[in-house]
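A.B. asks: The task is simple: from the sequences and hints, build the whole structure.
Chain by chain, the residues:
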Amino acid sequence: MIVTKGLRKSFRPRRGAATVDAVRGIDLNVAEGEIYGLLGPNGAGKTTTLRMLATLLAPDGGEATVAGADLRAEPGEVRRRIGYVAQGGGTTDQATAREELVLQARMYGIRKAEALQRAEQGLAAFDLAEFGDRPCKTYSGGQRRRLDLALGVVHRPRVLFLDEPTVGLDPRSRAQVWSEVRRLREQGMTVLITTHYLDEADALCDRIGIVDHGGIVTEGTPEQLKQEISGDAVTIGLPGAEDTAHAERALAELPCVQRLEALPGQDGLRLHVDSAATAIPQLLRALAAAGLEPDHVQLQRPSLDDVFLALTGRPLVHA
Amino acid sequence: MKLARDTWLVYQRQLLLMARSPAWLAVGLLQPLCYLLLFAPLLTSALAASGAHSTADAYRIYVPGLLSALAVMGGLFTGFTLLGELHAGVIERSRVTPVSRVALLLGRALRETTALLVQSLLIAVLAIPFGLTVGLTDLLLAMALLALMALMASSVSYGLALLVPTDAALGPVVNTIAQPLALLSGTLLPIALAPAWLRTAASWNPCYWGVEGMRALFAGHLDAPEVWRGLLLTGLMTALAVAWAARLFARRIR
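If you read the sequences in order, they're chains E and R.
This note's numbering puts the first sequence at residues 23 to 341.
This note's numbering puts the second sequence at residues 807 to 1060.
Because the hints were derived from the structure by calculation, they are not lab data.
Given the structure is predicted, the values throughout are model-derived calculations rather than measurements.
On the chain R side, residues computed to face chain E include the following (Cβ under 7 Å): (1) L815; (2) R819; (3) G895; (4) E898; (5) R899; (6) V902; (7) T903; (8) V905.
Just so it is clear, CB atoms sit at the ideal spot from N, CA and C, and this is done for glycine as well.
C.D. replies: Have a look at this one:
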């Protein structure tokens, strides 16, 4: 539904300044009915990619087909087939949700009577009916975001682009936005979102492309990505520094241990193993044979943060 | 056809928003009313040389200039409302739809034109008790000329707002353009009073011909050459301004 090849964009921040390569060649292949997430830190090129695909920015190079239309040759056709919700929305404070929905539908060429009907349906579907005739400036962050979503799909596009859809929302509104997006996918819509939230990418997306420095570093389902890098992580707390050093010698040689390092700031070890289920009994046996008794043993599933760290050498939150 | 439909769509929305915050009407009227009440009476004696023998004569010379200044200045400052919409993301939301790019510009410029026409009519009516007399045909043609000037100035202002997209930078740019434009078109006093070099300079001012036409109409000289010349040249300049701004709008916003 979205296919890109070597999509590129660079900017000149000031006249005379050197160009900055915001996107250095992105290849995507998003299937119909999929929620695909571009995950990466701010400035990685996610938004630029999205804006190019939504016809807001002309690419410098590369090709893209969106919903069956060629991005560069027929941007008008692309516009008719997609919906786009910008990070900051785009509603007018003095207008009501109903007026905004009608206007949006009519900008897509829908006739007035039909536009009124679509507005009514949009208000109902996104839980906005109660205040649909109040001006947008009175809305909470979550209500405004739901209106943004309703506006993005009022013309029933086949592809929906969402730029950081839950930035600045409280947890309840976030969950509500997630369930709306899942509902749209169930109706057969293809959704491309950008996010720098790991939990969002993990919870919402069918597949994730990890973006850094204007390119996709790797892609896969959240599970694949997490498995790919490290299996499981196990931490073992030990009573003292001497025991920790002793344990390190006892466990380093075990075949099930991929990597091991001392826990920062406390006595104990952090081990990466293929599978915690089979490794933990072996670890405990080896410790007992060495006469050591751990304070605690903890299993940690790897997070997408581990994936990002492994791929780029930097944790996402600080990147 | 699509252009007309889309322009109407944008224009309707803009009118609705304008009607919802009617403060613009009062604020826009305040300054011209001050000039009408506090400045125009000075002109009776000042304009004696150019044939003003009464307050009514002075108003006939001054009011068309005042209305032209209102249209040009009001139009030139409307770029700020576009900046507001650009920052709120309203323009971007329209850009991802297949709506005509020119309609996004025209619908807004026509909103501004409508607002300025309403204000101008109110001022013309308020000047009647002070002795202003003007025929209906003359007034209608004058309004057409004003509409063209307002449309021209609004288009230029939207173009500037796209080129200079911050409030802090747009202000000085607009002021720098507006002041010589207003002075050099004789909105305060007729350019006829000026020395020869100033008259030559004024004839290159795109607003000058409109103001001259306005004065002729308010003087009741419907068949004076200034009238058709004003309409023709202002019409031409307006077409150029709209084309320039529309091109910018379409290019920035493919």
